[in-house]
Amino acid sequence: MKRILSILIENKPGALARVVGLFHQRGYNIETLNVGPVFDGSYSRMTVTTRGTENDVEQITKQINKIIDVIKVSDLTEGDHHEYEFIMIKFKRSEKIQKILKSLNGKIHEKNNDAMVMSAWGSSSDIEVAIKSIGKVNLLEIARSGSIGLHEGEKVLKI
Amino acid sequence: MKLSGGDLLMRALKDEGVKFIFGYPGGAALHIYDSIFKQKAFEHILVRHEQGATHAADGYSRATGKPGVALVTSGPGATNAITGLATAYMDSIPLIVISGQVQSHLIGTDSFQETDMIGISRPIVKHSFIVQNTQDIPRIVQEAFHIATTGRPGPVVIDIPKDKTDPSNLYEYKRAKEISLRSYQPRIFPHPGQIKKACKKILSSERPVIYAGGGVILGNAHKELVSLNKLLKAPVTNTLMGLGAYPAKDKYFMGMLGMHGTYQANMAMHNADVIIAIGARFDDRITNTPSMFAPNAKIVHVDVDPASISKIINADIPIVGQVKESLAALIKEIKRSKIKIDSEALDNWNLQISKWREKHGLDHDLYLSKIKSAMIAPQVVVQELYHATQGNAFVTSDVGQHQMFVAQYYHFNKPRRWINSGGLGTMGFGLPAAMGVKLAFPKHEVVCVTGEGSIQMCIQELSTCLQYNLPIKIININNEALGMVRQWQDMNYGGRHSASTYSDSLPDFVKLAESYGHIGMKVTKQSQLKKTLEKAFSMKDRLVFIDVYVDPNEHVYPMLVAPNGSMKDMWITKNTKA
Chain G
12 MKRILSILIE NKPGALARVV GLFHQRGYNI ETLNVGPVFD GSYSRMTVTT
62 RGTENDVEQI TKQINKIIDV IKVSDLTEGD HHEYEFIMIK FKRSEKIQKI
112 LKSLNGKIHE KNNDAMVMSA WGSSSDIEVA IKSIGKVNLL EIARSGSIGL
162 HEGEKVLKI
Chain U
70 MKLSGGDLLM RALKDEGVKF IFGYPGGAAL HIYDSIFKQK AFEHILVRHE
120 QGATHAADGY SRATGKPGVA LVTSGPGATN AITGLATAYM DSIPLIVISG
170 QVQSHLIGTD SFQETDMIGI SRPIVKHSFI VQNTQDIPRI VQEAFHIATT
220 GRPGPVVIDI PKDKTDPSNL YEYKRAKEIS LRSYQPRIFP HPGQIKKACK
270 KILSSERPVI YAGGGVILGN AHKELVSLNK LLKAPVTNTL MGLGAYPAKD
320 KYFMGMLGMH GTYQANMAMH NADVIIAIGA RFDDRITNTP SMFAPNAKIV
370 HVDVDPASIS KIINADIPIV GQVKESLAAL IKEIKRSKIK IDSEALDNWN
420 LQISKWREKH GLDHDLYLSK IKSAMIAPQV VVQELYHATQ GNAFVTSDVG
470 QHQMFVAQYY HFNKPRRWIN SGGLGTMGFG LPAAMGVKLA FPKHEVVCVT
520 GEGSIQMCIQ ELSTCLQYNL PIKIININNE ALGMVRQWQD MNYGGRHSAS
570 TYSDSLPDFV KLAESYGHIG MKVTKQSQLK KTLEKAFSMK DRLVFIDVYV
620 DPNEHVYPML VAPNGSMKDM WITKNTKA
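These protein sequence lines are chains G and U, in that order.
Just so we're aligned: the first sequence equals residues 12 to 170 in our numbering.
Just so we're aligned: the second sequence equals residues 70 to 647 in our numbering.
Treat the hints as calculated values from the structure; they're not laboratory data.
Note that CB positions come from ideal geometry on N, CA and C, so glycine has one too.
Just a sample of chain U residues kept apart from chain G, beta carbon distances all over 10 Å, derived:
id, residue
1, Lys88
2, His118
3, Ala155
4, Ser249
5, Ala443
6, Ala457
7, Lys512
8, Thr570
Covered stretches of chain G (in silico footprint by chain U; criterion: 3 or more residues with CB under 8 Å from a CB of chain U, positions within the stretch not fixed):
id, stretch
9, 19 to 29
10, 67 to 75
11, 78 to 87
For each label pair, taking beta carbons as the anchor points, the in silico distance ranges come out as:
id, chain 1, residue 1, chain 2, residue 2, range
12, U, Tyr562, G, Asp86, 42 to 48 Å
13, U, Asp559, G, Glu65, 38 to 44 Å
14, U, Phe258, G, Thr43, 36 to 42 Å
15, G, Asp86, U, Pro145, 39 to 45 Å
16, G, Lys143, U, Gln172, 48 to 54 Å
The following block holds chain U by itself, in its conformation from the complex:
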């Protein structure tokens, strides 16, 4: 049977196993939308802004490991998708954005709703396609999914001029058995010689640290990571993107590292003699000043992307390969090796880390000691949330202080449960991402922890949540200010709060949630917090927006001292440097 371009697209998406498409219609996408109306393979979720579509598809992908799909129209539809593309690109998320384009003969004429989507998105996609022949649509979709999901994953754009989906032109659907691109052959297996070298270096170390990032989660290598450390018994730290890659409850886990990492994790990195970096990229929020980074450490760096290796910090032993395959090879080599790690030195090292933890570690029982406080501490909100959800929820977040508090105080024991925009730091990500997660896991608790600044960037998606009955829980950590901006202004700009406060003009979030057809709850006292959370989580089929007023003067600590600081230089409180 011959199909139109729109129907070819539907068939190709179905064959990729797509279950949801997040989108927003418009002129150039109308042929495609007519094809969507006629198919039953997947559900289309109508968002309220294209940014929401990309974040929802992104959240779906982060939670499931499958590629997310968004569909937008040309011009403003396409440009509204840019922030979502950049978000996915920075965190290496497989995302397919299909954009309608004006008709081929109008391209380049400044026609209505025309924008050069391929050009605008070029620096923030892994690859992009423009459809020039309708019959190529199945191949392009297949290649796009292949590219998005293999190697170092990333977003791919498919731009489709309206005439290529014209229902009057029909073509045969052909799907290739497998995709092979001569210009794209990502490496899967690591070099055996490098594995041997790494094994030797690791087993000869006295103060090793495992520094594991989002690549472990993206590469589905969390089991291998745990197996590796069953052998090594080394202290482990996760990046913001890597939280959940190693179980937080494990005794070797030190918490997150970096800018707002734990004292023990940052101290361990600085004093290590071997750092085993796995699926992490030595981001500037980790290393602090690169020239002062871990002065005595040899670096073993495992990554699927050779360009991530020796980009910021020189790797002594680079290992290029999929994280899963590389760790499997490393485990095998360690088991085979005759070298035995110096267990006495390692015990002393782990003891040292315990001492650091006791000295300046995070207080995970703040919710007990602060029970009588007049104002609610934001950290306590996260701790109470952790207990209310037994640590089992999918938690999305926006960007700022609340994001760091979740990273510090919600213990993630499983991968893909912590969904946040780490690389780009996109405010507005949390709510639409939670929609994508909830659609993928309707029976699981999905919580969006946000702030009154971030939530207003994509608040319109409350309407989408009503339409598709997505009973997520929103915890709005409300400090009546752009908290992280204010923190920096407090610390570096003499407390001048330039454009970071708006307490006299905030909406009534309870009424706002109610006007969107949801439940709103407000918490201003510590004594109400626990009960309100319990009540909200007992309402299984309703979206509940919990507006929690917190102490506006609270800062996130530890905090690396910058500029010209190393990882051992931290603010521990407002007045004390460690």
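One chain only, chain G, in its complex shape:
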């Protein structure tokens, strides 16, 4: 099943590569990956989505935790959580695509005679559905942020 791992990691050169490399070394896949510095910028928050059994995820979580630069790891999917993904799409003027994106908090960033640039956000499953229904016709390019998420309620992942 799909898992969303949130990882706090020292903002140091090479730190990201250690996490990404580990997935490959241990035979796991990364579906999406998002990373950016948070708080004082001395550390970053990564969000990785992957697929695996309970045992797989337990093992990968332990292995990630062993990386010296990793401060904390948390499996968001273990409990209730908020999860969203942001996308940007450039497409040939199409009412259909515009309508789909509007239903996902869509915003127009650029509009000319031939093409449009819009952004949208929603749960990654909604985003998947939208991308499928947009199809290939009129689609020029697409960028995805990958999932980001937070625990629901009082649970907080920070240093």
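Starting from the structure of chain G, add chain U where the hints point.
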């Protein structure tokens, strides 16, 4: 006083108590080498290949418990250190590899002797550093030693661009009182609740087995292990890496377990009702088919690394903590507990193990029964070696049949005496590792048991042994073939010896040893063996290379039946399965 980057490094290494550095110079490391020339705190040992430097530092570490240090230059120097890093990583050995790097402004330009050492070594190090500011060198060295030696130990790389050791840039030396990393807090003490649960489970068992691995040695917990079993009186088995953690002479010791483990140890594991795994990681050479592993056993697993627990075999009671502290807590709890182990059941269990030992146990007196044999059995060489050294030597080995014969027939009663590459299985390890051990313990007998295949992988270090006068003894168990490969080919490939023989092109090892300035001896007959060993060991200040021609058809048994076998499924001889 302000110091250059190279001198900062020297000072930092001195403050870590470093006595030896094993290395090889080159362009990017020349500033560092100039600083080495000017210091007196430690001795630099010039090896003949960087692989030798890493294995020597590794051997030093395994024998002493202190971190080993190797120094290499950039590019090929760094890549030659990779096998040694991977060897240390697989066996959790604290090792510091300092690599020169091209100047900072050249990084990424494919400059001469440039290689991305941090990238190449990433999957096989515990951690790595690249020096970006010269003044960080003391802190980085301190952190590197801290990380390498605490928690589950492992190798750490420090990559230093040449401009960071430029002698014209000087900085103040600052050393922190203690190291604390917010992202690295290895667990020391076990959870008291888990200790209670484990105690209850162990004391309620009828067929317990202690399965102790290299973690007991790395964690300096052998005394606690012995104390624990003074209370329990359970049968004990050691992994290949754990040999010496529990005294081999003890009546509860069953020998090694696993692929080439003893019949009684493997049978005990398979039939146990509680397995107490201590500093061991259920390697595939132990468990055989995991789904068929010890079907009726509850597992208590003590390890400092939570990732080792429930990785292969699910642990019913995991205990995360340093082995020493965890065993101390367990001993205390057992002493306090009102539950008494069922001594009748335990006696029956120990009796059963004796029966298994009598049925298919190893014959430790082969050297007596085979005295008239035409060909020398390799097992007999190890037995004679054991007697010639009174079981007191530090023994290093390479990888293959000879390694298994030592593990089976040399009885290790003390930890850190058996030095071999268990996890990675690195041929070429034995000789350089023996150099590291001999430097650490010059007054002790240090023996490298090897084969004619393995020894040729790092034979160049014979030259280092001459330069630094390291009178180690090399026992070359010569079967004129890559024995373990050949054994598998005999058993699984219809005896087709594909690329495993070279008897027409082996060197004359006696002349080879002599050309390196050492003594060479050749043994082809059983009747010469004992005398030759005695003569060699009487030459206290010379390296002696003893080339012993053995029966090439000998296989290592027992051997677990694979695939689709459990630990009770073993080949006992060439034709019989137990």
